[in-house]
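Chains A and B, in that order, are what the protein sequence lines are.
Quick note on the working numbering: the first sequence kicks off at 1 and runs consecutively.
Quick note on the working numbering: the second sequence kicks off at 1 and runs consecutively.
The hints are simulated quantities; they were obtained by calculation from the structure and are not laboratory data.
Glycine included, C-beta positions come from ideal geometry on N, C-alpha and C.
There could be a bad hint or two in this list.
[Unchecked claim] A few chain B residues that face chain A, going by a derived Cβ cut-off under 8 angstroms, partial list only:
| no. | residue |
| --- | --- |
| 1 | 90 |
| 2 | 91 |
| 3 | 95 |
| 4 | 121 |
| 5 | 130 |
| 6 | 167 |
| 7 | 170 |
| 8 | 178 |
| 9 | 179 |
| 10 | 213 |
| 11 | 218 |
| 12 | 220 |
| 13 | 228 |
[As the list claims (entries may be wrong)] As a list, the in silico DSSO-like pairs of lysine-lysine whose alpha-carbon atoms are at most 30 angstroms apart:
| no. | chain 1 | residue 1 | chain 2 | residue 2 |
| --- | --- | --- | --- | --- |
| 14 | A | 180 | A | 141 |
| 15 | B | 50 | B | 16 |
| 16 | A | 259 | B | 227 |
| 17 | B | 2 | B | 106 |
| 18 | B | 16 | A | 259 |
| 19 | A | 259 | B | 228 |
| 20 | A | 190 | B | 228 |
| 21 | B | 32 | B | 106 |
| 22 | A | 190 | B | 227 |
| 23 | B | 228 | A | 298 |
| 24 | B | 197 | B | 82 |
| 25 | B | 201 | B | 2 |
| 26 | A | 141 | A | 190 |
| 27 | A | 256 | B | 228 |
| 28 | B | 106 | B | 193 |
| 29 | B | 197 | A | 259 |
| 30 | A | 256 | B | 227 |
| 31 | B | 106 | B | 145 |
| 32 | A | 294 | B | 16 |
| 33 | B | 50 | B | 2 |
| 34 | A | 141 | B | 197 |
| 35 | B | 201 | A | 256 |
| 36 | B | 106 | A | 256 |
| 37 | B | 201 | B | 32 |
| 38 | B | 145 | B | 193 |
| 39 | B | 82 | B | 2 |
| 40 | B | 16 | A | 141 |
Each chain is listed here by its residues.
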Amino acid sequence: MARLMLVAFDPSEVALGHGFASALGIPFDVLLLSGADPAEIGAERTLAANLGDVPPADSIEDGVVAQLGGYSHIASVSSMRSKDHLPRWAAHLGAAMVTDVIVVEAENRFRRPIVAGSMIETVEVSGSPIVMTFRPSGFAKFSPNGTAAADSITIPITDRTRRVGASARGGARPDLTAAKVIVSGGRPLKDAETFERVIGGFADSVHGAAGATRAAVDSHIAPNELQVGQTGKIVAPDLYIAAGVSGSTQHMAGIKDSKTIVAVNIDPDAPIFENADLGMVGDLFVVLPELQAKLAGKF
Amino acid sequence: MKIMVTVKRVIDPYAKVRPLSDGSGVDTTGVKFDANPFDEIAVEEAVRQKEKNPVIEIVAVSLGGTECEEQLRKALAMGADKAVLIESSENYDTLAVAEEFVALVKAESPDLVLMGKQSTDGDNNQVGQMMAALLGWPQATFASKLELADGTARVTRETDTGEETLEMNLPAIVTTDLRLNEPRYIALPGIIKARSKPLEKRPPSSTATSRVKTVKVEAVPARSAGKKVGSVDELVAELSARGLF
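Okay, chain A solo, but in the shape it has when bound:
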């Protein structure tokens, strides 16, 4: 019998999984690895492991896999974390894995981007189970109704790999993958202080997230975790404002699911104008403050 185990690393991923589970069209359960209070999304059963900080991949592999027996499909939202963990579970189970599913065509047939998002391949998987990560932007959004009752389970942790340090960006801005508005900057932002003031300030005024190009990250203008693109975060906000972003293939691959893309660039020939819904040729240091003032309080 076909049955999906949706593995959520934290509660925010539970609701994101609903659209995917519906697209697959089979009964499903949820395994919530950390955090409490999962949303009610129609799962038949919710298991909560309460791991707190999810430990390194090899430390929980055996414990997670022990919960996966009997499922034909195992899936998580695409993230660096799920990409770290899920291939281990797949190999442990001798299962095929499909990364970054964007369309479910059948229970064993999926579409996914390849070659830096320049092409889409359709794959057919034989055997069971099938392990997958999926991009939530490809599936319907869902407002959870109520709270699911979760059964507590214990996932044993081995301590072979020690986490000896961690730094998180923190702050009040929404996560790039969840933000409704993203303001993104490239190398013309000059330095970290200017980036934070111009891009960060704009993001705060529209309750959005700040993003950056790979060039900006490589020049230490913006921190790594803000990198948007095929090699960084894949985003799909309602509004993506790209300021001083030329529009490289790999950057565009990360933003193409945005509903509206606005480009502000001083170079009228910047490739981003070919892919932007709205483009304005101009100096971002002049345009952005004016736009910020006129959009303030609207989001």
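Got chain A sorted already, so can you dock chain B onto it with the hints?
Same frame as chain A, but now just chain B:
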């Protein structure tokens, strides 16, 4: 101490590529091939570790047809000591690739496997983690810094929200991200020296399997160029007309 690095032959990541007209795959006519850029970062890291600790031996490995020799020679030119090509023209899915490399790990007994986090053609990001699971080894993916000491590895890795540092006993698998290093330019003496370094070919350890089959490849529909606006007021009006606020 021995480091194994994987080197995949991929379509030149900077080339414009299209699907074949019948959608059966990627059109590689006239397209150059190169080593997967993330694997080059892995080779570079191995060479830098060897520069700090000359007793390190580096073996570069690949899976594919004879043409993969070209990419293995590149790894040798960068500073790998020897290369092994598992020669096969069959299709392998990620797990089958992991199984072949695991067989090679058992034969070569490296203390560390360094590899790209993903290849720039398939974009799967699976093989390293699968190998680690099959071997029962610890892993650190998305590495941005690697320190080796006394049978342990200390790896700083990128995460969704920032970075973290893991400490693990060797043997282990580390997959590389962009910011680990910048691969060196290969100078002519390296290329010449690489020609005389050993490159061994061996058959696959088992029959190729592919549980994942590509049945169609198509181009992404291009987003069409939108409207150019002349003022911020016009921009705000357009955003409002689109129901954004």
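Verification of the hints:
{"no.": "1", "hint": "90", "result": "16 angstroms, violated"}
{"no.": "2", "hint": "91", "result": "12 angstroms, violated"}
{"no.": "3", "hint": "95", "result": "6 angstroms, holds"}
{"no.": "4", "hint": "121", "result": "6 angstroms, holds"}
{"no.": "5", "hint": "130", "result": "4 angstroms, holds"}
{"no.": "6", "hint": "167", "result": "5 angstroms, holds"}
{"no.": "7", "hint": "170", "result": "11 angstroms, violated"}
{"no.": "8", "hint": "178", "result": "6 angstroms, holds"}
{"no.": "9", "hint": "179", "result": "7 angstroms, holds"}
{"no.": "10", "hint": "213", "result": "5 angstroms, holds"}
{"no.": "11", "hint": "218", "result": "5 angstroms, holds"}
{"no.": "12", "hint": "220", "result": "6 angstroms, holds"}
{"no.": "13", "hint": "228", "result": "5 angstroms, holds"}
{"no.": "14", "hint": "A:180 <-> A:141", "result": "12 angstroms, holds"}
{"no.": "15", "hint": "B:50 <-> B:16", "result": "36 angstroms, violated"}
{"no.": "16", "hint": "A:259 <-> B:227", "result": "15 angstroms, holds"}
{"no.": "17", "hint": "B:2 <-> B:106", "result": "13 angstroms, holds"}
{"no.": "18", "hint": "B:16 <-> A:259", "result": "25 angstroms, holds"}
{"no.": "19", "hint": "A:259 <-> B:228", "result": "17 angstroms, holds"}
{"no.": "20", "hint": "A:190 <-> B:228", "result": "26 angstroms, holds"}
{"no.": "21", "hint": "B:32 <-> B:106", "result": "33 angstroms, violated"}
{"no.": "22", "hint": "A:190 <-> B:227", "result": "28 angstroms, holds"}
{"no.": "23", "hint": "B:228 <-> A:298", "result": "22 angstroms, holds"}
{"no.": "24", "hint": "B:197 <-> B:82", "result": "6 angstroms, holds"}
{"no.": "25", "hint": "B:201 <-> B:2", "result": "19 angstroms, holds"}
{"no.": "26", "hint": "A:141 <-> A:190", "result": "37 angstroms, violated"}
{"no.": "27", "hint": "A:256 <-> B:228", "result": "18 angstroms, holds"}
{"no.": "28", "hint": "B:106 <-> B:193", "result": "28 angstroms, holds"}
{"no.": "29", "hint": "B:197 <-> A:259", "result": "53 angstroms, violated"}
{"no.": "30", "hint": "A:256 <-> B:227", "result": "17 angstroms, holds"}
{"no.": "31", "hint": "B:106 <-> B:145", "result": "26 angstroms, holds"}
{"no.": "32", "hint": "A:294 <-> B:16", "result": "40 angstroms, violated"}
{"no.": "33", "hint": "B:50 <-> B:2", "result": "10 angstroms, holds"}
{"no.": "34", "hint": "A:141 <-> B:197", "result": "56 angstroms, violated"}
{"no.": "35", "hint": "B:201 <-> A:256", "result": "43 angstroms, violated"}
{"no.": "36", "hint": "B:106 <-> A:256", "result": "43 angstroms, violated"}
{"no.": "37", "hint": "B:201 <-> B:32", "result": "23 angstroms, holds"}
{"no.": "38", "hint": "B:145 <-> B:193", "result": "29 angstroms, holds"}
{"no.": "39", "hint": "B:82 <-> B:2", "result": "11 angstroms, holds"}
{"no.": "40", "hint": "B:16 <-> A:141", "result": "33 angstroms, violated"}
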